[in-house]
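Construct all of the structure, not just a fragment, from the sequences and the given hints.
Each chain, written out:
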Amino acid sequence: MTDRSKIRNFSIIAHIDHGKSTLADRLLELTESVTQRELHSQMLDNMELEQERGITIKARAVTMYYKAQDGETYEMNLIDTPGHVDFNYEVSRSLAACEGAILVVDSTQGVEAQTLANTYLALDANLEILPVFNKIDLPAADPMTAKQEVEDIIGLPAADAPEISAKMGINIPAVLEDIVANVPAPEGDPSAPLQALIFDSQYDPYVGVIVYFRIKEGTMRPGMQVKMMATGATYQVLECGYLEPFGMRKCDELVAGEVGYFTASIKDVHDTQVGDTITEAARPASEALPGYRPAQPMVYCGIYTEDGSKYPDLRDALEKLQLNDASLTFEPESSVALGFGFRCGFLGMLHMEIIQERLEREFDLDLITTLPSVIYKVDTMAGETVDVDNPHNYPDPGQITEAREPYAKVSIIAPPDYVGNIMPMCQERRGEFKDMQYLDTHLVELHYQIPLNEIIYDFFDALKARTKGYASLDYQLSEYRPSDLVKVDLLLNGDQVDALSFIAHREKAYARARRICEKLKENIPRQMFEVPIQAAIGGKVIARETVKAMRKDVLAKCYGGDITRKKKLLEKQKEGKKKMRSLGTVQVPTEAFMAVLRLDEE
Amino acid sequence: MNGNLGVYFHIPFCRSKCAYCDFCSTSQWDDKLMDAYLEALIRQLGDFFLPGGSYTVDTVYIGGGTPSVFGGKRLAKLLKALEKRVSLTRTCEITVEVNPESADKALFKQLKSAGVNRISMGVQTADDAQLRRIGRIHSFEKAKEAVELCRKYCTDNLSLDLIYGLPGQTMESWLSSVEAICALAPKHISCYALKLEEGTPLWRENPVLPDDDIQADMYLAAVEVLAGKGYAQYEISNFAQRGFRSRHNSRYWDLSDYLGFGCAAHSFYGGKRFSFTSDIHAYIAGMNGNAPIVEEADELAFNDRVGEFVMLALRTCDGIDENAFYSRWKREFTPFAKRLEPYIASGHVKNDAGRWYLTPEGFLVSNAIIGDVLDAVCQE
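Just so you know, the sequences run in chain order A and B. At position 523 of the first sequence the residue is numbered 523 (this note's numbering), and the sequence of numbers has no breaks. Residues are numbered in this note's numbering as their position in the second sequence, beginning at 1, plus a constant of 602.
Source of the hints: derived by calculation from the structure; they are not laboratory data. Any given hint could be a false lead.
Heads up, simulated EDC-like pairs for lysine to aspartate or glutamate below, C-alpha to C-alpha not over 16 Å straight-line [claimed, not checked]:
hint, chain 1, residue 1, chain 2, residue 2
1, A, K567, B, E898
2, A, K566, B, D856
3, A, K566, B, E799
4, A, K577, B, D977
5, A, K566, B, D900
6, A, K568, B, D977
7, B, K789, B, E699
Listed next, the stretches of chain A that the computed footprint assigns to chain B, with coverage defined by at least 3 CB atoms under 8 Å from CB atoms of chain B [what the hints assert, rightly or not]:
hint, segment
8, 562 to 570
9, 573 to 585
For each residue, glycine too, the CB sits at the ideal point set by N, CA and C.
Next comes the structure, spelled out in structure tokens:
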């Protein structure tokens, strides 16, 4: 057992691309937790997708041992955090497991939106925040200005903060010394009833769920019956220990202040949710640690396989992903147009994209997804409030007394030059301007209330496009507000296509309906008859296009009696037809659905 | 159904290859190669028509490529070799394809004396700019001369080919081509839609073609104009004055037997479809050394034969008569009729007292309709 005064629990927080992962690598290297050879760049991001996107999706933790200049060896627990607005809750739980945070600031960029957002989260968790100024090897580095920004904007003393280059390995020991000197040692009583905060968990096919936690009070030992205070699940600890870069090291006990893992043949990550408190079943803590929130999806969409017979594979794949991702939800749904599939819930658009990509990449599935939707709340004449995550379930307009849609509190940070581009864009998306603050002379922060529905489609991309990538965005769900919502149905040749229905604000419905009709027209091949494409609210058509009837589909010549060739051509055409979906009388290629989904990317 | 036999010869030589053509032909030839090819053809005739056998042939078709490039002498020799081994009926239709640039007085005289009684000529369009555009090496004027020579020295039984949907072609220019062809008073006219076949120079160039709607209008306009001038449509692409339908091509459409000789030639004989290699040199080598030359061979199961019959018969204006269908195949037409029925309302299909046939509008979308009908064969 380590002397508690020699334990340091910390996170690294940063704006994307400011060098968080690279610094983590250097720390691991310097504490000889891994050798250079083992260190394939950016150890902590070990999912393929994470490395490509340069973001950390799942938190990881690692215990390092550092021999400090005072001659003592310290147990340093680095708890990594996801770095995207979609995962704010996970970030907050990881931070709650620490006493300190290293705030990495790019000396060439200074303070950016996520620098601020993450700092606020860390301050919320009462962490000691230690700024470090990275990338000083770059010619454009200006650590003095960056420090000034940190002092002015965040109000943290930064004058003596380490100036480093994680990439070049410059001045890294200063960071570790800073942690030893300034991050408080954990408190807590090893003999008190167990209170441990779950900050992550991961499913392993051999040992079941591996739960990552930080002990606030008490001690955990193998054999102990533990209980999750929010979910109520009870398990007997089979093994507990420390987290190392390449696996785990068992130990006999973990005590207050330490970070580690336990396994207990847990089959379901939902039993051990992030933010929940582990306690001893026989001697429970009087109360759970604060801050637990059940994982709550914000964005929903239908996911189907292009080949309907792959439906069971999709179920298996989603189940496997869910093993590691308690915030992913899915329920079977069926669509006349797309067959059997699942209505899936995600934390946000990035989460949705990641899951879709993993389904396609890791499970080799070709997917069709429906337009993403938020959850609307609808009060009906019957006095009920219905949560609508699928346009299909939207109550009949005659039955609705009030419809509400979720709003998000949005913070945008950008150079002042772009404010003129950002404001109309937020206006267009029904944003309600709150305030604007100059963070300093060259950064301004805008606050808006914007319907979540307007953010999920293309807001981030549009923002980037209008600010040359300089703006950054943070948002969180704030409230539901009454809204003039309508459900728009799409009809092909008079038959409704359920998978294409969408809910929108009345003002937005027309333009969107028109664009979808146009897209469908471009992507539906001519049929033997004219196919009207209509968008309608209730019985009222608000947009219309027509796919003209096919006039010509003929093989002109039988060359020298070559019947076989003609037959093959017809067979090939038939194959092509199989790839179409029959919607009533109309054959629709799956590309048409994709095109509608990609509407916002143009 | 024709109980006699049809014979096809493939002559894979052209003076120059047209930009849209993906048929088996080459412009790389000399007399030696042609002689070797002729020899191979004659040898194959001997291999097939064994001495002592009795074969009655009532249609012969020499196609290509450009048979006229092969020369009158070789064609005459080929026909002579055929006559030695089979008996040609008294009214046997003997057609040779020619192109305007390789048709002269001498050729026509030779063909006539060899017994040729029908000439099929590729005119394609009356617009010289369009002819050049698609790599044809003759002018319309040259085609007119060739038609005159043919009438004078060979036969009046002429068939002329036209193509619609050419790059740069408008409805006006198409109709004036149709008029110009009619003015030449052939007995038979074929109108084909230009198709960009993969791998051809025109396909690589991927030119702007009149769109499908315009092409459909061109086709329908031609059907009407030709009917008005006495050329009744009898198949998707074929029009003839009374009594001048192509008897050889009709074999293809009613599953009568035909034998194809030469490289890339196709046959349907005794319920089997087979074809030979499309490599000229491999064909010649094969005929000399008994190397295998068969590229595809397919014995048609009953269902396949029914399917092919339906596919081909629906491409003709006669269509399919329910009773005739039953007496030939011992099978009800009802399941197929069910597939055709929905197309009556849209004007694509007609049913006159049990005779089902496609209208010109129906021919234009015949792939979709026939594809639908063939599904019924599979489900039987």
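Okay, the hints, checked on the actual structure:
{"no.": "1", "hint": "A:K567 to B:E898", "verdict": "holds, 14 Å"}
{"no.": "2", "hint": "A:K566 to B:D856", "verdict": "holds, 15 Å"}
{"no.": "3", "hint": "A:K566 to B:E799", "verdict": "holds, 13 Å"}
{"no.": "4", "hint": "A:K577 to B:D977", "verdict": "holds, 12 Å"}
{"no.": "5", "hint": "A:K566 to B:D900", "verdict": "holds, 14 Å"}
{"no.": "6", "hint": "A:K568 to B:D977", "verdict": "holds, 14 Å"}
{"no.": "7", "hint": "B:K789 to B:E699", "verdict": "holds, 15 Å"}
{"no.": "8", "hint": "562 to 570", "verdict": "holds (count 7)"}
{"no.": "9", "hint": "573 to 585", "verdict": "holds (count 3)"}
Every hint, counting from the list given before, is met by this structure.
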